[in-house]
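Undergrad: First to last, the sequence lines map onto chains H and W.
Start counting the first sequence at 63; every next residue gets the next number (my numbering).
Start counting the second sequence at 40; every next residue gets the next number (my numbering).
These are calculated hints, taken from the structure and not from any lab test.
Since we're looking at a predicted model, the values are computed, not measured.
Glycine included, each C-beta is placed from N, C-alpha and C at the ideal position.
Check each hint, because a few of them may be wrong.
Said to hold, decoys possible - Output of the computed footprint for chain W on chain H, the stretches with three or more beta carbons under 8 Å from beta carbons of chain W: (1) 113-123; (2) 177-183; (3) 188-200; (4) 225-239; (5) 264-276.
Claimed, not checked - Residues from chain H shown here face chain W by an in silico Cβ test under 10 Å; the list is partial: (6) Ile90; (7) Gly93; (8) Ile146; (9) Pro150; (10) Gly163; (11) Leu284; (12) Gln287; (13) Phe289.
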Amino acid sequence: MIPTAFSFLYFKRRVINGFCLLLSALAILIGLAWLIWILSSLLRHGLPGFSWHLFTQMTQAPGTEGGLLNAIVGSLMMVLVAVIIGTPVGLLIGTYLAEFGKNGRLANTVHFVNDVFISAPSILLGLFIYQLVVVTTGHFSGWAGSFALALMVVPIVTRTTEDMFLLVPIHMREAAIALAAPRWKVIVSVVLRISRTGVLTGILLATARVMGETAPLLFTALNNQFFSVNMNQPMANLPMVIFQYAMSPYDDWHKLAWAGALLITVFVLLLNITVRLLSKQKLPII
Amino acid sequence: MLDSKRLTLYRYQDSTLRIISTALAASLLILAFAILVQLHHASLESLKAFQWRFLSSAAWDPVAGNFGALVPILGTLSTALIALLIALPLSLGIAVFLTELAPAWLKQPLRILIELLAGIPSIIYGMWGLFVFAPLFADYVQPWLIEHLGSQPWIGPLFQGAPLGIGILTASIVLSIMIIPFIASVMRDVFGVVPNLLKESAYALGATRWEVIWHVMLPYSRVGVIGGVILGLGRALGETMAVAFVIGNAHQLSSSLLMPGSSIASTLANEFTEATSSLYNAALSELGLILFGITIIVLTVSKLMMKKWQGSR
Numbered sequence: 063m064i065p066t067a068f069s070f071l072y073f074k075r076r077v078i079n080g081f082c083l084l085l086s087a088l089a090i091l092i093g094l095a096w097l098i099w100i101l102s103s104l105l106r107h108g109l110p111g112f113s114w115h116l117f118t119q120m121t122q123a124p125g126t127e128g129g130l131l132n133a134i135v136g137s138l139m140m141v142l143v144a145v146i147i148g149t150p151v152g153l154l155i156g157t158y159l160a161e162f163g164k165n166g167r168l169a170n171t172v173h174f175v176n177d178v179f180i181s182a183p184s185i186l187l188g189l190f191i192y193q194l195v196v197v198t199t200g201h202f203s204g205w206a207g208s209f210a211l212a213l214m215v216v217p218i219v220t221r222t223t224e225d226m227f228l229l230v231p232i233h234m235r236e237a238a239i240a241l242a243a244p245r246w247k248v249i250v251s252v253v254l255r256i257s258r259t260g261v262l263t264g265i266l267l268a269t270a271r272v273m274g275e276t277a278p279l280l281f282t283a284l285n286n287q288f289f290s291v292n293m294n295q296p297m298a299n300l301p302m303v304i305f306q307y308a309m310s311p312y313d314d315w316h317k318l319a320w321a322g323a324l325l326i327t328v329f330v331l332l333l334n335i336t337v338r339l340l341s342k343q344k345l346p347i348i
Numbered sequence: 040m041l042d043s044k045r046l047t048l049y050r051y052q053d054s055t056l057r058i059i060s061t062a063l064a065a066s067l068l069i070l071a072f073a074i075l076v077q078l079h080h081a082s083l084e085s086l087k088a089f090q091w092r093f094l095s096s097a098a099w100d101p102v103a104g105n106f107g108a109l110v111p112i113l114g115t116l117s118t119a120l121i122a123l124l125i126a127l128p129l130s131l132g133i134a135v136f137l138t139e140l141a142p143a144w145l146k147q148p149l150r151i152l153i154e155l156l157a158g159i160p161s162i163i164y165g166m167w168g169l170f171v172f173a174p175l176f177a178d179y180v181q182p183w184l185i186e187h188l189g190s191q192p193w194i195g196p197l198f199q200g201a202p203l204g205i206g207i208l209t210a211s212i213v214l215s216i217m218i219i220p221f222i223a224s225v226m227r228d229v230f231g232v233v234p235n236l237l238k239e240s241a242y243a244l245g246a247t248r249w250e251v252i253w254h255v256m257l258p259y260s261r262v263g264v265i266g267g268v269i270l271g272l273g274r275a276l277g278e279t280m281a282v283a284f285v286i287g288n289a290h291q292l293s294s295s296l297l298m299p300g301s302s303i304a305s306t307l308a309n310e311f312t313e314a315t316s317s318l319y320n321a322a323l324s325e326l327g328l329i330l331f332g333i334t335i336i337v338l339t340v341s342k343l344m345m346k347k348w349q350g351s352r
């Protein structure tokens with residue numbers, strides 16, 4: 063029997079349907095509301111702290127006007143070093159997974175462990191580097207911070223490199239091999255060239271991710287009140303300054319912390335948006 | 040033309056690349072193992088001193104040198120589970136909206152906006168939670184919870200105490216926002232590959248859209264959905280900075296979700312650099328070891344489920 067609009071059962075099913083779909087729309091509105099709420103509070107609290115001092119002066123004792131120059135420079139240096147160390151390693155592991163290992167036992171295990179690494183608590187990496195570098199050398203240092211961050215860069219670059227390499231059609235490789243190109247040349251001039259945008263995307267995503275990471279730096283780079291480009295010393299960095307200043311009782315430090323938070327969020331989100339808009343492939347969230 | 044000399048050179052270069060990349064790949068496994076060994080080594084003193092008691096003791100007294108992991112373990116598990124409870128329906132709704140309801144032109148922007156939630160650094164969530172969310176939560180929501188739920192039987196003890204703003208529940212809510220994009224993304228992926236044939240068959244039988252989602256898509260992608268949910272749990276368990284800001288960092292056992300507590304990661308973040316004795320240090324390392332164990336197990340289960348789901352297709 064074809065149900066009519068007056069059938070009670072049919073009516074009930076339609077009401078349930080409408081109600082649940084409405085809830086689904088509500089869910090995405092709630093998700094967006096959180097995003098807007100967080101971003102607007104950042105703007106509201108962070109913008110008043112924005113001035114040239116932020117980029118020209120060091121962190122100061124409470125009561126005197128200061129900036130975040132040392133923290134910005136420290137963060138940029140440590141992230142740069144981490145990306146420089148982590149990228150080639152990640153590229154090579156990704157190359158192994160996509161080109162050499164295929165579905166072998168080692169490749170499958172590495173792929174699996176790498177996936178776990180992406181989601182593993184970053185504070186444990188900090189703990190590991192602390193024991194390995196800080197305890198051995200006897201002091202906190204920018205290098206230790208960079209190493210901890212590099213350990214986060216590697217799995218992200220590995221994952222995207224593997225994904226992007228696997229998207230390259232097999233006949234491209236075969237064509238190059240048929241021309242007697244050696245394997246490394248096939249990888250560098252064919253596979254990597256075709257997928258370079260995707261690979262670059264992965265590197266940028268990794269940069270965005272480690273830029274705001276605080277936990278791995280807690281026991282490695284620590285912090286530094288003064289301007290220092292010496293990677294052998296404890297190094298100022300934005301996330302740690304934000305953490306310390308936000309937890310402090312001083313109003314002007316809070317103001318700086320909010321300004322730093324806004325700065326770092328704008329940087330990270332802009333990087334994320336650009337990468338995701340430009341990328342045709344679906345990117346993993348990391 | 041290729042002469043034999045160049046051919047030998049190419050072979051040499053090829054095998055070098057193969058060996059280096061294989062060695063690096065293998066070193067990733069060694070790294071995972073090294074972290075475990077290192078953590079175990081660092082916590083030896085505490086392992087010896089407290090043995091299994093460490094897991095069941097709620098003591099945390101750096102002065103007397105008496106440590107137990109019960110409070111941080113419970114704090115970690117309860118914040119992560121409550122976060123999951125909150126995030127699950129929201130993520131499901133978001134995934135359903137993105138795959139089934141949103142018009143095509145709106146899908147990508149909405150997806151990117153939700154993914155941005157995962158891009159915001161953890162410390163920003165912490166600051167926002169402490170300075171913006173917690174005060175409002177204490178003023179408007181917690182008094183209501185205490186008044187209306189605190190006197191109920193069964194669940195009452197969960198909602199008693201003073202409206203402090205910070206505490207287990209606040210940490211859970213902030214965590215839930217952070218894991219929504221991960222769960223929603225996995226759900227969206229697995230919903231996206233449900234065969235149209237199945238959905239259309241259900242529609243042809245007169246099913247409503249929701250019935251198709253609930254009775255066709257969800258059962259079909261069950262394993263993948265569960266994998267995504269567990270992935271969110273794994274993320275929530277190890278989250279550090281956001282929790283360190285809002286959980287209150289108190290080492291006391293309390294039945295109330297409104298009271299301050301601590302998680303393993305937040306304890307490490309707050310106390311590791313201040314640990315004065317070697318036993319204190321070792322106890323913190325043992326906490327790290329426990330966190331390593333819990334998260335690795337949870338994440339492994341999650342990945343296995345997603346793998347199973349991919350294999351079943």
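Undergrad: Each of the hints needs a verdict: does it hold here or not?
TA: Quick rundown of the hints versus the structure:
Only residues whose C-beta sits within less than 8 Å of a C-beta in chain W count toward coverage, and the segment 113-123 of chain H has 0 of them, not enough to reach three; the restraint is violated. Counting residues of the segment 177-183 of chain H whose C-beta sits closer than 8 Å to any C-beta of chain W gives 6, which meets the bar of three, so the coverage hint holds. Coverage of the segment 188-200 of chain H by chain W holds [criterion: at least 3 residues with CB-CB distance below 8 Å; count 5]. Only residues whose beta carbon comes within less than 8 Å of a beta carbon in chain W count, and the segment 225-239 of chain H has 0; fewer than three means the coverage is violated.
A count of 5 residues in the segment 264-276 of chain H with a Cβ less than 8 Å from any Cβ of chain W is obtained; the coverage claim is therefore met, three being the minimum. A hinted interface residue such as Ile90 of chain H counts as satisfied when its beta carbon comes closer than 10 Å to some beta carbon of chain W; here the least separation is about 5 Å, so the hint holds. Contact between Gly93 of chain H and chain W, as hinted, is supported at the beta carbon level, the nearest pair being about 5 Å apart and thus within 10 Å. Interface hint status for Ile146 of chain H: violated, as the beta-carbon distance to the closest one in chain W is roughly 16 Å, over 10 Å.
With a least beta-carbon distance of about 9 Å to chain W, the hint placing Pro150 of chain H at the interface is held under the 10 Å criterion. The beta carbon of Gly163 of chain H is positioned within 10 Å of a beta carbon in chain W (closest approach about 7 Å), and the interface hint is therefore held. Checking Leu284 of chain H against chain W by beta carbon gives a least distance of about 7 Å; that is within 10 Å, so the hint holds. Given hint, Gln287 of chain H at the interface with chain W, is violated; its Cβ is 15 Å from that chain's nearest Cβ, farther than 10 Å.
Hint status for Phe289 of chain H relative to chain W: violated, with the closest Cβ pair at about 22 Å, above 10 Å.
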